[in-house]
Every structure is written in structure tokens, then in C-alpha cells.
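Asker: Given the sequences, and given the hints that come with them, work out the whole structure.
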Amino acid sequence: MHVHFLDPYRPGQSPIHKLDSRVKFVLTLAFIFAAALTPTGAWAIYILLLALVLGVEVLSELRVGYVLKRAALALPFILAALPIVFTMPGEPRFILSIGPWALTASLPGLERFISIAIKSWVSVQAAIVLASTTEFPDLLMAMRAVRVPRLLVSIFGLMWRYLFVLADEAIRLMRARLSRSGVSDQAGLKPGGSLAWRARVTGGMAGSLFVRAFERSDRIYMAMLARGYDGEARSEPLQALSGASWVVLALSLFTLLALLVFALLFWA
Amino acid sequence: MSFAHLFSPQPMHIPDGFLSVTVSVILWIVSIVVIAYALRRVAEDLGERQVPLMGVLAAAIFAGQMLNFTVAGGTSGHLMGAAIATILLGPWASILVLTTVVGVQALIFQDGGLLALGANIFNMAVIGTAVSYFVYQTVLRLTRGQRWGVLAGGFLAAWGSIVIASLAVGLQLALSGTSPANIAIPAMGAIHALIGVGEGLITIGALALISATRPDLLKAGEARPTGGRAVWIGGLLIALILAIISPLASSHPDGLEWVAEQKGFLDVAQGPLYEIIPDYVFPGQINEAVATIIAGIIGTILVFGIALAVAYARRNRASASS
Amino acid sequence: MHHSIEIDHLSFSYPDGHAALRQVTMHIQPGEKVALVGPNGAGKSTLILHLNGILTGQGEIRVAGLPVTKPNLGKVRARVGLVFQNPDDQLFSPTVYEDVAFGPLYQGFPPAEVRQRVAEALTVVNMRNYEKRISHHLSAGEKKRIAIATVLSMKPEVLVLDEPTAGLDPRARRSLIQLLQELPLTMLVSTHDMHMVKEIFPRMIIMDEGRIVADGPTDLLMQNEELLCAHGLEKP
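Residue numbers (my numbering), protein chains in the order written: chain F, 470 to 737; chain D, 1296 to 1617; chain X, 208 to 443.
Simulated from the structure, these hints should not be mistaken for laboratory data.
No residue lacks a Cβ here, since even glycine has one placed at the ideal position from N, Cα and C.
The hints are all genuine.
DSS-like, lysine-lysine: derived pairs with alpha carbons at most 25 Å apart:
id, chain 1, residue 1, chain 2, residue 2
1, X, Lys277, X, Lys362
2, X, Lys240, X, Lys282
3, X, Lys240, X, Lys362
4, X, Lys339, X, Lys362
5, X, Lys277, F, Lys659
6, X, Lys282, F, Lys659
7, X, Lys362, F, Lys659
8, D, Lys1514, X, Lys339
9, X, Lys240, X, Lys405
10, X, Lys442, X, Lys405
11, X, Lys240, X, Lys442
12, F, Lys538, F, Lys487
From the structure, some residues in chain F lie toward chain X, with a derived Cβ separation under 8 Å:
id, residue
13, Glu638
14, Ser650
15, Asp654
16, Arg681
Heads up, incomplete: computed chain D residues facing chain F, CB under 10 Å, no partners named:
id, residue
17, Leu1362
18, Ala1401
19, Leu1502
20, Leu1512
Answerer: Quick look at the structure:
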């Protein structure tokens, strides 16, 4: 079995798939930036942002259910923001009793908590759409376009190339460990070993993964030398952005800006 | 056997929405400066081997984070890898490798946000490496390069880097007004004091295997590269500052809040950016309610309408052409 | 008396929808040595991963009389020794001793018993003096033997090997074949090495595209060149 199915890219021919990756990259960042700048409690703007990202999901022909399910991954972190519901001063809303404690939820606290949750939720959806409709080499191109240093882009590229190879290796290691994690029929034995031993074995697996990665990188380096590599990362120059791409970029940025101005007018 | 848990988000990766714009932007700038310097150092120290070595090691750290062991009651421990990366690669390459790992996690797997990426890089790559380097080097020198010194140094570096980075996460959440300092900082610290033990034990296991099979690979961590002293001092300072600020901030959350408000940290909504729009344009509460309803309805209909129309047109075209 | 391996109507699809096993049925008697052959992608490795519940498909599997179901997995894994194709995946401890000791340690045996089991397992594979050696530094043939020892130390009833002779030089291959021949265990071995199949496996199962396409005496099936050819195999 291979872990390729974890690659979030979903091939397709939708307008979002075809959109220049540089435009998508910048717009995703701009969208997340706009969500971050939207004031607490600007519900209408949140609805609009959500409508925007859902609209793009429909356009991208990704299943909206898929995006929403994936977006739930980021949900547990919301626990970190939960306390402000009860600690922010303001008009009390309801009282939560847990055993001997009574926690008073305030209105500003609730507003802030829900705002954080929605911002996080729409932002992660935008990031999912980007990753699901853009192949990694195109993302690398977008990184170059926004002036990420070439050396760093090369490291990203090489990491991507070997990511699934090494993830497979990790899974095979875990399977081999699991296969030998047996329970004896003999009575009175406690299986599993100590916690420290289990952690150390896992460390051994990680260590063997790293040693093999080092040796693999040596072989890759030699194969690169054999093809004339001299340490200079070269790549083809980026193509100019097409007229249509510029229009999409400008219009979308304008929409986001208008949304933001609207938000600031009413809720700042 | 399901592998879904392998990509469960870790409490260390901050998603978007949780940090204020000010905190995010400042940490982006700090991270970019550090990365730019690390790129220069690595180009000089490692030479042309750098790209394959760092690329494959980044993939290995990513894969290594998938390895887990049962702790108790369905929970499991796994590796973050800042200490092991620092020990195997030296500080500068480690910063770049961890930046790549955190970057791919955000960009591809949405583990951590994109606007929050600067902060996540700062916490895991910069703090993780600097604190690991400071602790590991110090222990190595104190134990004069004995094998047990390597293992003890690895354990302490792993534990220390995790705990200090988590304190930084707590502090950033508090500065952003997302979580009260007297809850976020001690909670993050306490959870990661436990997680850090797992990290430390795995690091010992990895170092034991590596020192047995390829002891030469540990040379990079023992060597003192150009600028190594700066990293050592940086690690010391970060550890000190966070160790001092965290209990202070937790016991005086109002103080932190005061700082945050003074600096416009809490919410940029109250910041100077918004003051350019005069208050008298749309005064009153009624406008807000009306605006909410109008914007909600029109916006939703508009955006959805366009999207559905385009999707519908495309489907028709597809069926017409087939 | 139960069969060592009983698989009935086993089907399995990967999460991406690819059907890897379709209605596989096979029964293997205690003491039998069976070869599993077929082209790459036929489903051999997927089938093997079902024998100790690492993958779970639809259908029934019993190993050494135990149904392979969630509550039984621990006991099943103690009875089936699975040797993976790449020994590097199986040897993840610094020394040979620790690798071979993993199974008994996990099962919770006292230290004396663990030491004895390691010694016995290493003796069986003719690697008695390798306890302190670094696994990573061994030759491919030696790693393979150690990998087999890591499951023998659990005293399994059934030994399952995935392409054991792949990547070995002729001498290492020869001594491995001899070892497999001598081991008094029920054995299911997935392989492309038709010469080995002919030499030591009286029974042969051919898989292709997730199905069992032939199951019978090796001598008989080897004569059917048409059948072998149709499934990407060669007569030795």
C-alpha cells in the first residue's frame, strides 16, 4: 500500500484548476489575510467570506463535503480559544456549572470565540482548495513568483519528491513492528513492555529512517553529479502572467478589498 | 489499520484565525530574516551537497513524525524532530529543513495556517533549533563528549525545545487575545512538558541507533559552525526570556492584556488602520443590523448564483460536446 | 485438527477504490509449504498483510484455528511470523539482539526466557554469534536471516515470507533456500523465484489481478506453460 492517497491534489478541469497557480496562491493568501483583518462580530462579512469560499469550492468541482470534512481536521485547536468565552468581561450570557465550578459566559467572549472559529474555518477551506486544485510543481512556481529564495524552493521540491517514498518506509516500519506485537497464550504475561521501551523502539525506527535517508541523499547527490549538477539550482524563467490572469487577480483582490472596507465601515 | 491519525493536527501547529494580524506579521518578518541568514550560512558550510541532503532529510522528518507509540487510553506519542534535526544537521540546515517541513504541512496538509505559518516556522524551526542547539551543545561540553552525554543532551534538547516552543505558542495566543494568558501559557506548558518526555525518549532511541550504526553522522551536531555561537546565545536568550516571561504573564494576565491593548495587539479592529474611516459615515446600531441582513442575503445569492451558473453552463457544454 | 491458514471469500479494496483482492479462498494444512506466485500487483503482498490483521477486508480468515478479528489480533500476531520483503523495515534496533528480542519483550516474557528465545532463534538461522552486531552493517543475506530470527523468537506456528530471495546473491540465496527447507513450520511464501518454488514447495498458488487463478501441485502447474505465460510467469 502507498500513502499517495494522502496527497490532497484532486485532478480536474475546472476553472479553478486551470487558474494560474501564482494567482491562486496570492488570492488564497489575500483571502486569509482579509479574514484575519475582519473585525470580531462582523457576521455579515463572515457570511460573505464563507459564501465566497463555498462558491469557489463549487466552481472547482471538488465535492463540498470533501472540503468540509478535511476542514474539520483543524477543529480541535479551537479548544485553545474556548476559555475566552468565560474570561472576557462583559454582559453575562449563560452560566455553565461543572461540578463545584460555575463559569459565566460573556457576550463579548462568545462573539470573539465564534469569530475566531469562523475565521479559522473559512481560512482552512481556502487553503484546502489551493492544495486540492494545484499540483505541487505549480505551487513551487508560485513560490518562486513571490520571491521565495531558489535554494529553499529546491529543498521544497526535493522534499516533495521523496515525501511519499519515506512515508511508505515509515508505514512499512510500523507494520513490521505491529506484526511482531503479539500476545502470548501463556497466562500472567503483560504484553506491551514499558512506556520508555516503546518510546525507545519508536526512536530506533526513526533513527533507522534517518540513517537510510542520509544514505539515500548520498546516492541522489551522486546521481545528480552524474548528470552534470554543479551545486547551482537552475530553473527555467517564469512565464509572464496572461492578460486574463491579471484581470482575475485584480478583480478578486478588488472584491476582497471592497469586502474589507465594507467590514470596517460598519463594524470597526 | 487506519493511518488517518497520522495527520491529526498537533497542538503546536497554529491554524489561521487564532493569531492577530500584528503578531502574525511580526513573526513572519522575524522568520524571514532568520531563514535568509540560514540560507547564506548553509550555502557556505555545506556546499553543493546541501539540496539533496536537506530535501531528503526534510522528507525523513515528515515521515518520522508519522511514527508513533501507544501511551495510554488511545493516546499516542510521536516525534516533532527539532532536536534530532539540529543534532544531525547543525543549526542552520536544521532551521531550513524544519521550515520546509512546517511549510509543506501548512501548504499541503493544512496542518497549521498560512498567515500563521510565519509564527509556526518561528516556534518550531527557529525556537526549536536554537533551544535544541543551546541545550545539546551545553550538555556535550559539560559531559566532554561521552556517549551518555550525547543521549542525555538529546533528551534534554528535545524536551526543552518542545516546552519552550509551546510556551511561545501560549504567549502568542495570549498576545493575540485568543486565549487568556493565565490559562493558555500554563496549559500549553503542562501538556508539552508531558509530550516533551515522549519526544525526549524517541530522540534517545534515534540517537542510540545512529550512534551505533553511523556515528559519523553525529559530527554535524558536535561541530561548531560559523555563527554557531550566535545560535547558542539565541537559544539561551529565548529559553531564558520565555522561562521568565511565562510565569509572569500567567500570574499577571491583566498586565499582558494591558501591553497588548497599548500596542494595538489585541485586535487590529481597534487599531489605527481602521481610524481612517470616519465614524459619522454610518452611525448607529440600526445600520449594522440592516447591513448584516442585506450583505448576507445579497452576497450569498450573488456568489452562489454565479458559481452555480458557471458550473451549470460548464456541465451543459460538457454534455453538448460529448 | 484445524487448518493452519483458512481464508474464505476474502475481498479487499484500498481507500482509493482499487480492488486488490477479489473473493480469495485458500486452505493450508499444518506443515504444508506453499508458494504464492503471480505478477507484480497481483495482490500477493496485500493478501499476506491480511494474515495478521494489518489490513482487514471482507471475508473470513482463521489462522491456527483463531479467527482474525480485532479481539484476537494480539494472539494471531504471536502465531503468525511475518517476514517483510525489505529487512531494513524489520530491523529497527541498534543491535541484532534487540531486534530479535523485540517480539518476546513485547509479549512480556521474563528476561531469562527472552535471552533463551533469542539464542534459540539465532541458532536456527545459523547466526549464533551475531547478537552484538549492528543490524545496519550486515550483508543482505545476513539481514534476511536476522529478519527471520526476529519472528522465530516469537515461536510462531505459521511462517509467512514476502519475496525472501529478492536481491540476494547466489550464495546467500542458496543458504536461505536451505534454511526454509529445514524449518519445520507451516509456510506461505510469496515469490518470483520459480526455481526456488520448484525446488522446495510441493504446492503452488497463482494469483493475478486479486484472484486465485490456479492452486495445485507445483509439478503439475509448472508443466502448463500456457497458464504460466498468461500470468506473467516463466517455467524454470
